[in-house]
Amino acid sequence: MMPKMTISVPHEGAAGLTGAWRTFRPVVNRDVCNKCGICAMFCPDAVIDPDTLEIDLVYCKGCGICANECPKKCIEMVREEH
Amino acid sequence: MMPKMTISVPHEGAAGLTGAWRTFRPVVNRDVCNKCGICAMFCPDAVIDPDTLEIDLVYCKGCGICANECPKKCIEMVREEH
Amino acid sequence: MTEIPKEEMILKCPSTCAGCGSLLALRYILKAAGKDTILVIPACCNSVIQGVYPYMLHTVPVYNIAFAASAACASGMSEALRATGQKTNVIVYAGDGGTADIGIQALSGALERGEDFLYICYDNEAYGNTGMQRSGATPLGAITTTTPNGKTVNKKDLDRIIEAHNLPYQATASSSYPADIYNKVKKALTIPGPKFIHILAPCPPGWRIPSSKTVEIGKMAVKSGVWVLWEKENDKFTISAPSRAAMKKPMPVIDYLKAQGRFRKVDEKTAAVIQANIDKNLRKIAIEAAQSEENI
Amino acid sequence: MTEIPKEEMILKCPSTCAGCGSLLALRYILKAAGKDTILVIPACCNSVIQGVYPYMLHTVPVYNIAFAASAACASGMSEALRATGQKTNVIVYAGDGGTADIGIQALSGALERGEDFLYICYDNEAYGNTGMQRSGATPLGAITTTTPNGKTVNKKDLDRIIEAHNLPYQATASSSYPADIYNKVKKALTIPGPKFIHILAPCPPGWRIPSSKTVEIGKMAVKSGVWVLWEKENDKFTISAPSRAAMKKPMPVIDYLKAQGRFRKVDEKTAAVIQANIDKNLRKIAIEAAQSEENI
Amino acid sequence: MYEIRIHSRGGQGGVTAARMMASAAVKDGKFATACPFYGAERRGAPIVSFVRIDDKPVRIYSQINKPDMIIILDPTVMDTVDVLDGLKEGGKIFINTNEETPFPPGFKVFRGDLTGIALRENLVVSGSAIVNTPVIGALAKLGLFTRESGVEAITDTFTDPRNTNAAKAAYDEVIV
Amino acid sequence: MYEIRIHSRGGQGGVTAARMMASAAVKDGKFATACPFYGAERRGAPIVSFVRIDDKPVRIYSQINKPDMIIILDPTVMDTVDVLDGLKEGGKIFINTNEETPFPPGFKVFRGDLTGIALRENLVVSGSAIVNTPVIGALAKLGLFTRESGVEAITDTFTDPRNTNAAKAAYDEVIV
Amino acid sequence: MSGKLTMSTGNKAVAAAAKMAKPVVVAAYPITPQTEIIETIADYVASGEMDARYIPVESEHSAMTACIGASITGVRVFTATSSHGLLYMHEMLHWAAGARLPIVMGQVNRTLAPGWNIWAEHTDALSQRDTGWLQIYVSTVQEAYDATLMAFRIAEDTRVLLPVMINMDGFLLSHIMQPFEMTEPGDFIPPLNLPHKIDVLDPKGYGAMSPANVHYQFRFDMEKSMRASRTVIDETETEFKKRFGRTYKPVDEYLTEDADVIIIALGTLGKEAEVAADLLRKEGIKAGVMRIRWFRPFPLDMNIKGKELVVIDRDYSFGFGGVIAGEIQARYPDAKIASIIAGLGGQEVTYEDMAAFVKNRKTGTEFWFGIPQEEQ
Amino acid sequence: MSGKLTMSTGNKAVAAAAKMAKPVVVAAYPITPQTEIIETIADYVASGEMDARYIPVESEHSAMTACIGASITGVRVFTATSSHGLLYMHEMLHWAAGARLPIVMGQVNRTLAPGWNIWAEHTDALSQRDTGWLQIYVSTVQEAYDATLMAFRIAEDTRVLLPVMINMDGFLLSHIMQPFEMTEPGDFIPPLNLPHKIDVLDPKGYGAMSPANVHYQFRFDMEKSMRASRTVIDETETEFKKRFGRTYKPVDEYLTEDADVIIIALGTLGKEAEVAADLLRKEGIKAGVMRIRWFRPFPLDMNIKGKELVVIDRDYSFGFGGVIAGEIQARYPDAKIASIIAGLGGQEVTYEDMAAFVKNRKTGTEFWFGIPQEEQ
Ligand SMILES: Cc1ncc(C[n+]2csc(CCOP(=O)(O)OP(=O)(O)O)c2C)c(N)n1
Ligand SMILES: Cc1ncc(C[n+]2csc(CCOP(=O)(O)OP(=O)(O)O)c2C)c(N)n1
Ligand code: SF4
Ligand code: SF4
Ligand code: SF4
Ligand code: SF4
Ligand code: SF4
Ligand code: SF4
Ligand SMILES: [Mg+2]
Ligand SMILES: [Mg+2]
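Residue numbers (this note's numbering), protein chains in the order written: chain A, 1 to 82; chain B, 1 to 82; chain C, 1 to 296; chain D, 1 to 296; chain E, 1 to 176; chain F, 1 to 176; chain G, 1 to 376; chain H, 1 to 376.
Treat the hints with caution; some may be incorrect.
[Unchecked claim] Label-pair restraints from in silico Cβ distances:
1. Lys6/D with Val32/B: 22 to 32 Å
2. Arg283/D with Gly37/B: 51 to 61 Å
3. Asp36/D with Val125/E: 30 to 40 Å
4. Glu235/H with Asp82/F: 48 to 58 Å
5. Asp279/C with Lys248/D: 43 to 53 Å
6. Thr146/F with Glu8/D: 48 to 58 Å
7. Pro5/C with Val78/A: 48 to 58 Å
8. Ile287/C with Thr152/D: 50 to 60 Å
9. Pro5/C with Arg30/A: 47 to 57 Å
10. Ala83/D with Asp82/F: 29 to 39 Å
[Stated by the list, open to error] The list that follows gives simulated cross-link-like pairs (lysine to any residue, SDA-like), each with its CA atoms no further than 25 Å apart:
11. Lys282/G with Arg162/E
12. Lys204/H with Lys236/C
13. Lys30/F with Asp278/H
Honestly, the hints are just simulated from the structure, not real lab data. These numbers come from a predicted model, not from an experiment. Heads up, the beta-carbon is just placed ideally off N, CA and C, and yes, glycines get one too.
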């Protein structure tokens with residue numbers, strides 16, 4: 001008999017849709033991007049796909065690290081409008 | 001109002017008359033002793049008077065350190081007889 | 001770099017603050033550790049960011065434990081696992097408070113006993129989870145909610161304390177150098193006995209920096225010599241590449257201090273003391289590295 | 001020597017075992033400290049030997065405190081005394097268990113905060129009061145009731161752990177060298193901030209030696225380099241005279257081991273490891289002393 | 001008793017806003033409590049706080065389930081949070097926005113571009129516009145407390161005149 | 001119920017003696033308990049321990065205040081401890097000594113030079129003669145339990161034959 | 001209220017009261033939801049508003065120990081904690097009381113892990129009820145402030161000399177903002193004169209071996225002081241009213257006189273229960289409220305004869321039952337109690353829920369709010 | 001008794017039982033008077049008699065935590081402590097129960113400092129009564145052994161999954177030597193199958209944020225298990241008797257059937273009370289004894305109707321009263337109790353004293369043995 005207690009199972013979104021936290025959104029200028037992958041490497045939340053370099057805006061918190069670290073400076077942080 | 005609790009005041013013999021623990025008693029050969037004071041220095045229990053070099057047998061536990069450390073080897077540990 | 005697995009071991013998306021260094025570090029730790037791993041986490045930011053019951057985001061088992069207790073918990077786990085023939089990695093991921101302050105007793109005991117586990121301290125230099133009170137690891141001059149005028153004593157030298165326990169493996173790392181973290185964790189996990197890695201993990205709200213600056217500030221820490229990356233395998237002490245480079249001509253620490261709101265009350269005198277501390281420490285580390293070279 | 005006051009600060013006669021090294025040491029500590037002193041004692045042999053209520057033997061105030069708690073207690077005392085303008089010495093007298101094991105957290109915290117007190121650890125290398133279980137400070141190979149075949153891991157290097165806290169004053173001492181204790185305590189008490197002295201205190205029942213051999217074994221520890229007497233004032237590291245002499249030609253450690261029942265299960269291999277550890281440590285200490293000389 | 005729920009984000013100052021609202025009401029001679037439903041929120045995460053205003057001391061500590069008014073300091077929280085949950089029929093909504101936002105009928109909707117005002121007054125901390133003082137102005141305009149009490153509540157907390165300026169601007173600019 | 005109090009010193013083995021006594025009685029089919037009144041005693045400090053022997057299980061845990069018998073393993077404790085305290089009228093005394101010791105009248109006194117025997121058998125640990133096995137021999141002689149049970153109780157605890165030898169010597173040499 | 005009102009959280013009010021009491025040493029360790037107390041004090045000290053030493057210890061065990069070390073030198077001390085912090089100092093709680101030190105502690109009630117949960121529950125403090133600490137549970141910001149002031153006076157009274165814990169519900173009170181009057185205590189708290197303080201000129205030993213034939217006497221002396229504290233509390237609350245106009249009793253009563261049924265609860269639940277009583281009375285049920293403020297010493301003169309009781313426990317003693325219900329039944333054997341377990345781990349309990357507890361009460365049973373009837 | 005008898009102390013018997021149960025990990029820290037337990041286990045492990053890992057932790061907080069860490073991997077664990085050691089692990093006691101881990105602990109009852117005193121008292125364990133641990137108090141060496149064996153089976157039963165503490169009086173039982181039968185348990189203790197053990201192939205998170213709307217449900221589940229443990233205890237004791245012939249009940253009764261007055265006590269006092277009852281009966285007083293063995297879960301079916309009770313508490317909750325007397329009164333409101341506080345800090349209490357308690361009993365009062373009447 002399994003005791004009832006705080007035992008959790010892995011599940012995406014378990015801490016909420018953190019994209020809602022964002023006030024600025026990263027917008028990549030694909031023309032300039034050299035696909036170096038540095039943005040994906042440094043994104044703390046791992047919301048940049050390492051292959052496609054797509055940013056998952058459902059979760060991206062808009063921290064701006066990707067923009068700050070991009071060697072090509074091709075990510076712009078744009079104010080969210082709703 | 002003083003609370004009743006385990007508060008103790010300084011008092012000789014508070015841990016009992018430790019001389020009773022002794023199975024061997026230090027006996028000093030005063031003829032050989034050079035009064036260097038080493039026995040008094042090393043007696044853990046400080047029962048050797050630093051001036052007179054008298055041993056307080058009420059408390060001496062008979063550890064034998066004095067005998068062991070005496071440079072003149074003039075302290076003998078003698079079995080207690082009662 | 002190419003060897004780092006692409007698979008993420010943490011699902012989207014923990015409730016760390018935007019730009020959290022400790023999360024960035026943990027990504028690479030778990031990539032290095034792989035699935036046969038149990039994570040032990042004492043009270044800290046990383047204990048609350050996992051998601052809310054009945055769900056969690058980490059894809060390895062996570063055992064949350066009391067604040068003071070992580071190394072003891074890992075001791076019990078590792079002894080039980082080894083006794084039953086299991087090789088599962090036991091990794092503690094704890095904050096600086098849970099390591100240098102309230103957890104140091106359990107840690108010191110586990111190290112002395114030679115337990116087989118990896119202890120990783122992510123150091124955001126304060127009690128982040130409770131809103132940035134000073135910890136033993138808070139550096140001189142830093143403002144926290146309990147040091148409103150800046151801390152007046154030095155950061156506890158956790159690494160030397162741990163070093164005194166003569167571990168088979170010990171290292172420092174930084175969330176701004178993920179590959180270095182990955183490699184160090186990988187190596188550590190091949191070695192039996194207690195291992196310790198100390199990761200500087202910048203924390204935007206605590207350090208009063210924009211969330212975008214986490215990686216940049218972490219690099220500045222290394223460039224200025226505030227933080228030195230090294231590893232020590234038994235007696236072999238090596239300065240890691242980024243710090244070797246940085247130590248040739250360290251950035252003045254004032255640049256590092258100025259970039260952070262928490263140091264805004266540091267006056268010139270204190271800044272000079274901080275610089276002097278760094279200079280002294282760098283000299284010492286250089287000597288240690290040189291001596292270690294010689295001995296090989 | 002002549003300057004050591006004759007007055008004893010402990011009345012006859014504590015209920016320590018016959019030949020107790022920790023009591024011998026305490027005699028000289030209190031002579032050095034004088035009457036304006038509060039002694040803080042955690043659970044240990046020295047907490048039970050004071051006499052039985054309503055009487056006690058110490059002629060300075062003694063505050064007994066919980067096992068893990070002495071450094072924190074001293075912190076509170078010293079802060080309160082200083083806040084009210086009193087200079088009273090606050091001295092912790094704690095065993096190795098209360099220092100290196102259960103008490104290390106409070107101690108490490110107090111040192112980091114820079115509290116103004118003197119912490120003295122008397123090291124009998126086991127939990128004497130509870131009948132000789134192993135402590136973190138029990139040396140490799142020593143039999144205790146919880147290591148019936150001899151301890152399989154090294155003695156925790158308490159001194160290096162403390163050193164990592166960068167105290168203004170730190171020293172080692174031995175109950176076999178009372179004048180050295182006296183001088184070190186005297187000096188320590190002139191210095192503000194946290195001070196630490198680590199005293200090796202042979203323990204006849206624990207070490208399985210005749211009670212008469214306490215002083216002799218303590219000297220052998222120094223002569224063999226098992227125990228090195230030194231002091232460190234800020235960055236100045238000095239080897240004390242007896243160890244300077246001993247280090248010229250250390251006695252083989254096997255003589256030291258053979259003299260004690262607790263080491264009776266040490267085989268040749270372990271003895272060699274112990275000797276190698278000592279050799280290494282002595283080299284390190286010599287280098288440190290030399291470097292410290294240079295820097296002056 | 002008048003019950004207000006405030007929706008904002010960690011770091012935006014919603015909690016301080018609640019306190020100033022309660023404080024202003026108290027200055028008017030009312031009784032009021034402000035209670036932040038704190039969790040382990042991080043900067044950026046949606047949070048709610050509550051204000052209760054009454055003519056006698058407030059003795060209720062449990063959450064507000066049927067508010068008389070909803071204040072939305074950050075409209076983006078509406079994507080993930082049902083901000084209207086429990087709002088009484090005919091209840092009021094104040095939303096920080098510069099454009100009309102559609103709400104279901106049966107509520108009285110007010111708005112003001114608090115963020116715009118904050119940015120104008122340069123009330124920005126770590127990249128976020130601080131809207132907790134402008135909202136006090138807007139609410140004074142809505143009659144929750146007097147203008148004077150609102151200003152006093154702000155100056156009790158903040159010395160920087162930008163705060164009162166922003167509040168005054170909001171008072172003037174709120175769209176009823 | 002037969003109640004015995006043993007006076008000895010820390011390190012002398014008085015506690016083990018008590019256990020072997022109880023054990024021997026149990027081997028005879030009796031019920032027995034041995035309880036050391038432990039304190040924080042040090043090697044050398046006087047201690048007491050207790051043995052109770054009965055035909056049914058012993059249910060008493062409190063100290064023995066009116067013993068039927070006193071055993072003095074170390075006569076020197078008599079300097080500081082009132083060893084006869086509470087001894088019943090007509091009670092027995094056994095003392096480890098080689099010379100006659102005066103006791104008040106009304107008790108039955110027995111003696112044996114256990115220390116001498118232990119030294120003879122070289123039963124010495126850290127300089128102290130261990131008298132806890134010889135005493136078992138002496139007590140068997142006094143009829144507290146059978147000789148066989150006494151020997152068994154010793155061999156359960158100690159493998160070294162010096163122990164049984166000493167006990168046997170004591171059995172023979174005890175002066176009744 | 002008479003004076004100028006300040007908006008403040010419960011936490012800040014406790015910190016403000018501690019400042020007014022002028023302790024010489026504050027040693028504390030942060031924990032949610034207590035942090036604001038010690039952060040406020042750290043601010044006071046940093047700004048010079050408070051002339052105290054703030055010791056930022058490395059754990060709660062050390063926090064309480066540092067308080068003990070400071071207190072025995074004869075100075076006033078203060079600390080604050082919550083939940084796991086309180087548990088971690090458990091050994092030293094026993095110690096502080098046994099050492100007869102008048103330490104005052106702000107304690108923010110929070111539930112216990114695992115799993116982590118930071119919301120209100122009283123089990124943390126109630127499970128310390130044998131430690132020899134006086135315990136008060138407060139329900140408003142004003143009361144938190146006033147109780148903290150009174151705590152120093154009561155603890156330090158030489159008839160008492162026991163530590164005092166001021167309990168307040170996590171978040172519900174610690175973080176709520178209410179208007180309150182920050183009364184200047186003046187000489188309401190007399191200077192501390194600790195009879196057994198350490199004196200190097202008259203050296204004494206504290207706490208060495210305590211023989212079996214006296215130890216129990218020291219424990220009885222603690223109990224005597226606990227008993228005496230009832231008088232001291234009454235005196236202090238009377239004096240407080242005389243000076244500052246606010247009335248407090250060990251048990252706060254609301255509409256009890258003519259009540260048929262009485263809700264008994266601690267802290268904010270006890271305050272909100274008044275609203276439940278109002279509601280019930282509207283429905284014709286004569287309900288009242290007794291809010292236990294001083295839980296240690298336990299109240300012995302509650303006038304509950306002939307009334308039915310609905311006791312709400314925001315706590316639980318596994319394998320036994322609600323602590324409050326149990327102790328009331330123990331001291332008032334005739335009491336007709338319906339025991340309700342509600343509010344654990346921050347479970348939401350409204351006055352409407354409480355009214356329902358009353359309406360559905362079954363004397364002699366225990367009911368866990370939120371658990372389906374068939375599982376009870 | 002049937003089998004071969006061994007002379008053993010209570011400590012050694014507990015160690016022997018632990019050995020029989022074959023735990024995989026033992027983590028413990030020494031403290032008088034428990035040391036013998038762990039020294040014996042260390043010996044067993046060193047000699048190979050026991051195939052376990054002995055972790056010589058640096059404190060009791062770590063001892064309990066290491067047990068928790070080992071237990072959650074699904075292995076059997078054991079530890080032992082006493083007094084301040086128990087207090088120092090207080091936080092982790094709450095944790096172990098909340099984590100639903102079937103840890104078994106030998107606990108030697110000793111009083112609390114200051115001043116230092118190493119003799120028997122139950123306050124150490126009783127002040128842990130809210131932690132969710134099952135608690136049993138034993139009175140003979142045989143019972144200590146048997147209870148330890150049964151503890152593993154009870155704790156690990158999936159209907160229970162709560163930790164169990166075996167309490168024995170310091171020195172009085174821990175150090176007394178009695179003959180006992182070291183029964184081989186065979187398969188009496190089934191293999192442990194922890195349903196929630198960590199599995200890297202099915203990763204789960206333990207103890208992260210537990211929301212307010214479920215946390216109380218987990219607490220209720222603990223209470224449900226506590227309730228279920230009553231059945232499990234009965235089953236286990238029945239099975240034990242079937243296999244090994246020795247009979248145990250949650251409450252041990254002696255001459256209660258026709259008794260007018262019943263002494264209630266725990267541990268060795270409860271055993272020696274039988275002698276007091278015999279003595280009283282000789283004097284014509286119909287006395288009996290109820291020795292509470294399982295204190296958590298609290299016994300709910302004591303047959304005390306119409307009898308007078310003399311409850312001896314070797315413990316105290318300051319500002320309230322004796323813990324046992326209080327809880328009995330709470331659960332048996334009709335009980336006519338004379339409450340006696342006796343034996344604190346090793347205070348000597350003989351069967352003659354207990355007989356006197358009965359003869360001088362005053363129902364409804366509390367009496368501190370050894371304290372002059374006028375001070376009571
Ligand atoms: C015994 C105890 N004391 C205090 C706390 C409150 N607490 C939880 S996390 C934390 C700070 C953790 O700091 P750190 O270890 O540096 O990790 P961070 O939060 O910075 O990630 C504190 C004080 C607790 N949970 N338990
Ligand atoms: C919390 C706690 N755990 C355990 C003990 C038991 N205990 C008292 S003294 C002691 C050993 C002390 O060892 P050490 O510090 O080395 O001093 P020594 O006895 O050797 O003088 C122990 C384990 C205690 N008093 N408190
Ligand atoms: S860092 Fe910049 S250039 Fe590199 S992949 Fe990302 S967006 Fe492209
Ligand atoms: S803004 Fe931050 S969270 Fe979003 S993709 Fe960039 S680095 Fe990741
Ligand atoms: S040590 Fe020997 S020679 Fe020196 S004073 Fe003592 S007895 Fe005399
Ligand atoms: S035998 Fe020991 S105690 Fe006695 S005088 Fe010599 S050194 Fe001191
Ligand atoms: S407070 Fe700092 S460490 Fe904690 S989650 Fe936020 S950024 Fe990360
Ligand atoms: S056990 Fe050792 S340290 Fe303790 S009193 Fe005896 S000799 Fe001294
Ligand atoms: Mg941190
Ligand atoms: Mg020691």
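Hints versus structure:
no., hint, result
1, Lys6/D with Val32/B: 22 to 32 Å, "24 Å, holds"
2, Arg283/D with Gly37/B: 51 to 61 Å, "37 Å, violated"
3, Asp36/D with Val125/E: 30 to 40 Å, "52 Å, violated"
4, Glu235/H with Asp82/F: 48 to 58 Å, "53 Å, holds"
5, Asp279/C with Lys248/D: 43 to 53 Å, "36 Å, violated"
6, Thr146/F with Glu8/D: 48 to 58 Å, "54 Å, holds"
7, Pro5/C with Val78/A: 48 to 58 Å, "32 Å, violated"
8, Ile287/C with Thr152/D: 50 to 60 Å, "33 Å, violated"
9, Pro5/C with Arg30/A: 47 to 57 Å, "26 Å, violated"
10, Ala83/D with Asp82/F: 29 to 39 Å, "51 Å, violated"
11, Lys282/G with Arg162/E, "49 Å, violated"
12, Lys204/H with Lys236/C, "38 Å, violated"
13, Lys30/F with Asp278/H, "21 Å, holds"
Violation of the numbered hints given earlier is confined to hints 2, 3, 5, 7, 8, 9, 10, 11 and 12; the remaining hints are satisfied by the structure.
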